[in-house]
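*Asks:* Start from the sequences and build out the full structure, keeping to the hints where you can.
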Amino acid sequence: MIKNIFLTIICIAVFSNAKDITIKVGATPVPAAEILEFAKPILKKQGIDLVVQSFTDYITPDIALNDGSSDANMYQHKPFLEQMNKDRGFDLVALKPIYIVPLGFYSKKYKSIDSIENGATIALPNDPTNYSRALILLHDNGLIKLQDSTNLSSSEFDIVENKKNLKFKQVEAAMLPKVLDGIDGAVINANYALQANMSLKEAFFYESDKSSYVNVFATKKGNENNPNILKVQEVLLSKEVKDFILKKYNGEIIPISSN
Numbered sequence: 011m012i013k014n015i016f017l018t019i020i021c022i023a024v025f026s027n028a029k030d031i032t033i034k035v036g037a038t039p040v041p042a043a044e045i046l047e048f049a050k051p052i053l054k055k056q057g058i059d060l061v062v063q064s065f066t067d068y069i070t071p072d073i074a075l076n077d078g079s080s081d082a083n084m085y086q087h088k089p090f091l092e093q094m095n096k097d098r099g100f101d102l103v104a105l106k107p108i109y110i111v112p113l114g115f116y117s118k119k120y121k122s123i124d125s126i127e128n129g130a131t132i133a134l135p136n137d138p139t140n141y142s143r144a145l146i147l148l149h150d151n152g153l154i155k156l157q158d159s160t161n162l163s164s165s166e167f168d169i170v171e172n173k174k175n176l177k178f179k180q181v182e183a184a185m186l187p188k189v190l191d192g193i194d195g196a197v198i199n200a201n202y203a204l205q206a207n208m209s210l211k212e213a214f215f216y217e218s219d220k221s222s223y224v225n226v227f228a229t230k231k232g233n234e235n236n237p238n239i240l241k242v243q244e245v246l247l248s249k250e251v252k253d254f255i256l257k258k259y260n261g262e263i264i265p266i267s268s269n
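Here the sequence shown stands for residues 11 to 269, numbered as in this note's numbering.
Derived by calculation from the structure, the hints in this document are not laboratory data. Positions of the beta carbon are idealized from the N, C-alpha and C atoms, including for glycine.
Simulated crosslink set (DMTMM-like; lysine to aspartate or glutamate; CA at most 25 Å straight-line):
id, residue 1, residue 2
1, 211, 253
2, 88, 77
3, 249, 219
4, 106, 253
5, 155, 127
6, 155, 124
7, 231, 67
8, 29, 47
9, 174, 191
10, 54, 253
11, 258, 67
12, 34, 59
13, 231, 101
14, 121, 191
15, 177, 158
16, 106, 219
Label-pair ranges, simulated between beta-carbon atoms:
id, residue 1, residue 2, range
17, 258, 237, 20 to 30 Å
18, 29, 78, 13 to 23 Å
19, 56, 159, 42 to 52 Å
20, 78, 162, 28 to 38 Å
21, 118, 77, 34 to 44 Å
*Replies:* Below, the structure is given as structure tokens:
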């Protein structure tokens, strides 16, 4: 009897001293950080203490991941990650796709595509991959014609037809909603549009749910098989999280399984 009580006390002490594993994940505020916050209590039950690191731009999260300040991140698509690796010599790895954040074309000056005037200035994201992505969106909706719309590195030099003589201004993605009042139109990532209380329904047009630009869960090379990072990814791909995304964002953010 005394022996059993002693063993019970030891077991209680061991389990109460056991600490959760901490995993730090970088994200932009909307929707990534919100999705991660929803996943937090689910992971807590599995012994993972998820720390959500919120960043307001697209560059800093990858810097933090590369220097070890973050264990993983979730905010970018694979072409963006590959461009960061190329431009900055990073060694980051895309794991599984999680959701799509569509690009949309917005204007407060015009009411339709046909009403866009000759020589109008359109703001585009200034990072190379989303800049090319924005041009492809304009091509797909008839505002310009690119030499090859499947070229994910397209630039203004690849425009072969521009009937409205549109001008393009590159702006940091996070600033695009803020410049919309002073410009003819802008191609804006849905995460920044949502953050600015704009709806995808306000866009003249936007990417379909078949977009190639799917946001991924990412980590640094060497951590691809870390069981705790994979556990976080598993929860992010769970039905519970997917249902949260669909309900929270009314279909404007698309969990990958719902394609």
